[in-house]
Amino acid sequence: MRREQGFTLVELTITLAVAAVLLVIAVPNFSNMINSNRLTTATNTMIGALNTARMEAIKRNGSVQFCSNVAATNATGTTDVLGTACGTNAGAVLALTVASTSTVQAPPVALSISSVHVKGTIAAIRFNGSGLGYAPGPMTAPFGTGANGSTVVELCSSALSSNNDLQINMAAGSIITSSAPSTVTCP
22 MRREQGFTLV
32 ELTITLAVAA
42 VLLVIAVPNF
52 SNMINSNRLT
62 TATNTMIGAL
72 NTARMEAIKR
82 NGSVQFCSNV
92 AATNATGTTD
102 VLGTACGTNA
112 GAVLALTVAS
122 TSTVQAPPVA
132 LSISSVHVKG
142 TIAAIRFNGS
152 GLGYAPGPMT
162 APFGTGANGS
172 TVVELCSSAL
182 SSNNDLQINM
192 AAGSIITSSA
202 PSTVTCP
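End of the sequence shown sits at 208 in the working numbering; the numbers just go up one at a time, nothing left out.
Hints were generated in silico from the structure; no laboratory data involved.
Among the clues, some could well be false.
Said to hold, decoys possible - Ranges between beta-carbon positions, derived for each pair:
#	residue 1	residue 2	range
1	Met76	Pro49	36 to 42 Å
2	Ser200	Val102	31 to 37 Å
3	Pro208	Val39	39 to 45 Å
4	Val130	Thr204	22 to 28 Å
In this text, a Cβ means the ideal position worked out from N, Cα and C, and glycines have one as well.
Make a model of the complete structure from these sequences and hints.
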């Protein structure tokens, strides 16, 4: 007598049940991983924009500004051509050429991800030809020293329930770091 080879209906049903349980466990974790990567991507894009602004300032030996999302933070008056050109283009990088401005880098696309939000205000930072960053206005102390504070931008994700916040900081006008993830209430 010849024995049939293959799987029985019971074996197939058990296999499908195990696969369904594994899928139910894996999908939420995969979703969290995707949202965490979106937050990290937005943070790295902002760090890249800051580094681009510094590099352009050194390359041009002149003023280049990393723009804030608040127009009043960008400009120090109506005669501030570079700050006025920023407007509310958060994360854009603009360079001063003679008496006009040119866009070095447009605002990061990563800020348009629906679950990633800017918490508060993005700091406007103007880099000089030496690559040091200052708050727009009279250049007294580099950004991240004294009363200037050190937080450039704080990004959070409304799609994550924990570890949903990253901060980008600048110390002494040049050292850019991002903080370890923390948990905050995100808008």
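Going through the hints against the structure:
no., hint, result
1, Met76 with Pro49: 36 to 42 Å, "holds, 40 Å"
2, Ser200 with Val102: 31 to 37 Å, "holds, 34 Å"
3, Pro208 with Val39: 39 to 45 Å, "holds, 41 Å"
4, Val130 with Thr204: 22 to 28 Å, "holds, 26 Å"
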